[in-house]
Amino acid sequence: MADDLQYKVYLLEGQENFVTETKEYALKKEYQFPDSLIDFLYVDFQPLMGAFEQLGRDIENLYQKKDAQYTRSVLDFLHDMAKVHPYFEITYHVWKKRFRQAEEQEFKNIIDLLPRKQLTWIPSEAVEIQRQIRDIFDNCLDRDLSQGTVNERLTSHFKKYQDDSLKLFRFQKLNIKYEMVED
516 MADDLQYKVY
526 LLEGQENFVT
536 ETKEYALKKE
546 YQFPDSLIDF
556 LYVDFQPLMG
566 AFEQLGRDIE
576 NLYQKKDAQY
586 TRSVLDFLHD
596 MAKVHPYFEI
606 TYHVWKKRFR
616 QAEEQEFKNI
626 IDLLPRKQLT
636 WIPSEAVEIQ
646 RQIRDIFDNC
656 LDRDLSQGTV
666 NERLTSHFKK
676 YQDDSLKLFR
686 FQKLNIKYEM
696 VED
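One gets our numbering by counting positions in the sequence shown from 1 and adding 515 to each.
Hints should not be assumed to be uniformly reliable.
[To be verified] Taking lysine-lysine pairs in the DSS-like style, the calculated list, with each CA pair at most 25 Å apart, reads: (1) Lys543 <-> Lys580; (2) Lys632 <-> Lys612; (3) Lys538 <-> Lys523; (4) Lys612 <-> Lys538; (5) Lys580 <-> Lys523; (6) Lys675 <-> Lys688; (7) Lys544 <-> Lys581.
Rather than coming from a laboratory, the hints here were simulated on the basis of the structure.
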């Protein structure tokens, strides 16, 4: 199956642009830079914990019963999560593609293709990422801090937590491609 999902993020004239393109549709969301990150930091995942637990049960049922009704309930919820924040848009489309593959393969290798924990751990991982990013904001990027430059504070912060991966936000490489957008 050809990769028909394109997810692009770019900055243009002070706007963050999130573009999702599939064979079925294209969606573009715009935020004033850096509002998407700030919005993410304040998404309350606590009320969503039960829904994510239900996702886990639905995927377990799909493993056992191989009934597409469970596919629909998971995808409906992930579609709603994409409306909560654009960071979840790609999760919805990746899982939609995985479910399509599972059905095309008559649910063979379903546990490998649809790893339940990858979805059910989203809220706890997101809450931890929120905490880590707020920690960087509070201890490194706050303009009111008088001790050292931003670079010195970031260096100190990363040295402080270098052996404790749970407390330190890990920046990861991004695949970046430059192309013409709009005009």
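The hints, checked one at a time:
Restraint check for Lys543 and Lys580: the C-alpha separation of about 36 Å exceeds 25 Å, so the hint is violated. Restraint check for Lys632 and Lys612: satisfied, since their Cα atoms lie roughly 17 Å apart, inside the 25 Å limit. Distance check on the hinted pair: Lys538 and Lys523 sit about 15 Å apart at the alpha-carbon level, within 25 Å; holds. Between Lys612 and Lys538, the direct Cα distance comes to roughly 11 Å. Compliance with the 25 Å bound is thereby established for this hinted pair.
Of the pairs offered as hints, the one joining Lys580 and Lys523 is violated, with about 36 Å between alpha carbons and a cut-off of 25 Å exceeded. Under the criterion of a C-alpha separation no larger than 25 Å, the hint pairing Lys675 with Lys688 is consistent with the structure, at around 22 Å. The straight-line distance between the Cα atoms of Lys544 and Lys581 is roughly 35 Å, outside the 25 Å bound, and the hint therefore fails.
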